[in-house]
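Student: Go by the hints and put chain B onto chain A.
2 protein chains.
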Amino acid sequence: MAETDLAIHAVDPALAASPWPVRDGRSRNHSVKRDAVIRAAARAFSAHGYHHTSLDEVAEALNVSKPTIYYYVANKEQLLFECFVAGLAQIQSAIRKAAKSNRSAHDRLKDVIRNYALAIASEYGWCMVRAEDQDLGPKLSRQIKALKSEIDRGLRRLLIDGMRDGSIQQCDPKMMAFALAGALNWIAHWYRENKSMSAAQIADAFVEVFSVGLIPRKDGANSAPRVTSRKRRSTKTNAR
Amino acid sequence: MAETDLAIHAVDPALAASPWPVRDGRSRNHSVKRDAVIRAAARAFSAHGYHHTSLDEVAEALNVSKPTIYYYVANKEQLLFECFVAGLAQIQSAIRKAAKSNRSAHDRLKDVIRNYALAIASEYGWCMVRAEDQDLGPKLSRQIKALKSEIDRGLRRLLIDGMRDGSIQQCDPKMMAFALAGALNWIAHWYRENKSMSAAQIADAFVEVFSVGLIPRKDGANSAPRVTSRKRRSTKTNAR
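From first to last, the protein sequence lines stand for chains A and B.
Using our numbering, the letters of the first sequence correspond one by one to residues 546 to 785.
Using our numbering, the letters of the second sequence correspond one by one to residues 546 to 785.
So that you can see chain A by itself, here it is in the shape it has in the complex (with noise of 0.2 Å):
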């Protein structure tokens, strides 16, 4: 198919189905398109599932051949693994951030969650959370569980830092970063079914569902041990 059939897609980049259209130099519109056959093959993934989706069908998605397509990626196991990438690389984009900010560690956390959020909300959740990493060859396997352990570390490093700087809670570092990555990559389970919110909303919720119960208690509950007391407290308040 002629790339020129396709101009009148190409008056908004952020709309348009296909980027072939944009001829501005091959060099600079290579990242461009690449970044839209991932984006194609996230989206068509998300909808089919990995081993239902063909390439022809993401070619097609593209209005393009499928030969193009291998123009800009190996295989199809490539491309689920650029889709992981994708979306994991906004996570540890907000991570790397956070690292080198000088706020405190909870509003540095709270950036992250929103985009983590962000991340899990976008057309890479599927390929992040629900793809199975054994889809991918031993390498790529490998490659992908390291970026995903950076981001925990980067999840770990924050909570640690926020109990020493005082603006996250006294808990179990490892446990709440498990918490927290569990609570937002299953936003990919529900949020295919349940459009009514915007990623933004979704993250400004999660946010906030965390950034309370994390701020350091002042008033005697600081420590897990002190839970017990709370809790005979609580069942006082519930029986006034």
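In case anyone wonders, no lab produced these hints; they're calculated from the structure.
The beta carbon of each residue, even a glycine, is placed where N, CA and C say it ideally should be.
You can trust all of the hints, since none of them are fake.
Beta-carbon label-pair distances, calculated as ranges:
1. E605(A) to R709(B): 47 to 57 Å
2. A691(A) to E622(B): 35 to 45 Å
3. E605(A) to K684(B): 25 to 35 Å
4. R698(A) to K719(B): 27 to 37 Å
5. Q688(A) to E605(B): 32 to 42 Å
6. S610(A) to S576(B): 51 to 61 Å
7. A644(A) to K684(B): 47 to 57 Å
8. N620(A) to Q679(B): 23 to 33 Å
Derived coverage of chain A by chain B (criterion: at least 3 residues anywhere in the stretch with Cβ under 8 Å from a Cβ of chain B; other residues may be distant):
9. 716-724
10. 728-736
11. 748-756
Straight-line distance between alpha carbons at most 25 Å, and here's what the computed PhoX-like set of lysine-lysine pairs gives:
12. K578(A) to K611(A)
13. K740(A) to K690(B)
14. K642(A) to K719(A)
15. K693(A) to K719(A)
16. K693(B) to K645(B)
17. K719(A) to K645(A)
18. K621(A) to K693(A)
19. K684(B) to K621(B)
20. K690(A) to K740(B)
21. K740(A) to K719(B)
22. K740(B) to K719(A)
23. K740(A) to K693(B)
24. K578(A) to K621(A)
25. K693(A) to K740(B)
26. K621(A) to K611(A)
Tutor: Relative to chain A, chain B alone:
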């Protein structure tokens, strides 16, 4: 295979790989054996994935023939359904018990979180979380959705009750229920790779992670809008 061949395994039913040798009357044993079939299927699905598990393998794990499996379930799809049901039953039962209790909603929610974590860390966790609903036909899938909805409603109800009886921090019950369920469901993703903790330890850790954060704040950060002022305070704490 003759059932008596396996009599040696029947000394301790809790440890036995197969309950067939126990001969205490058909009707009483039927449900024990059926449970064993479902449990063996759950383990096989979790180890190899639903699509890569055959009923022959489930039968082999129990040292019985495939026709024996068909005596308890109609087909592989029903087996997956029963795995969902078995896992969800523990959470459902905790939710129903919680609804009848007079204790504070915070304490009741802690019980539900504990049972939820135990269920997900059990052999049924993979089926409940990582098997796709779409592997079930429309009718069975609707039944699973209904069970999951009951659990979601139960969590929201406890959160709302807790905001009313003063035992739970003000929050958006819908988002908090999604966050809780997501964090707990996610255990099925990381627990298989990290068996250094027992299911009970994980359950304790998750009760603790959520418990402190959900206690109402008496220190001026009781509702979402106040997070902003807390945020500023946190930053100050950081700067000093």
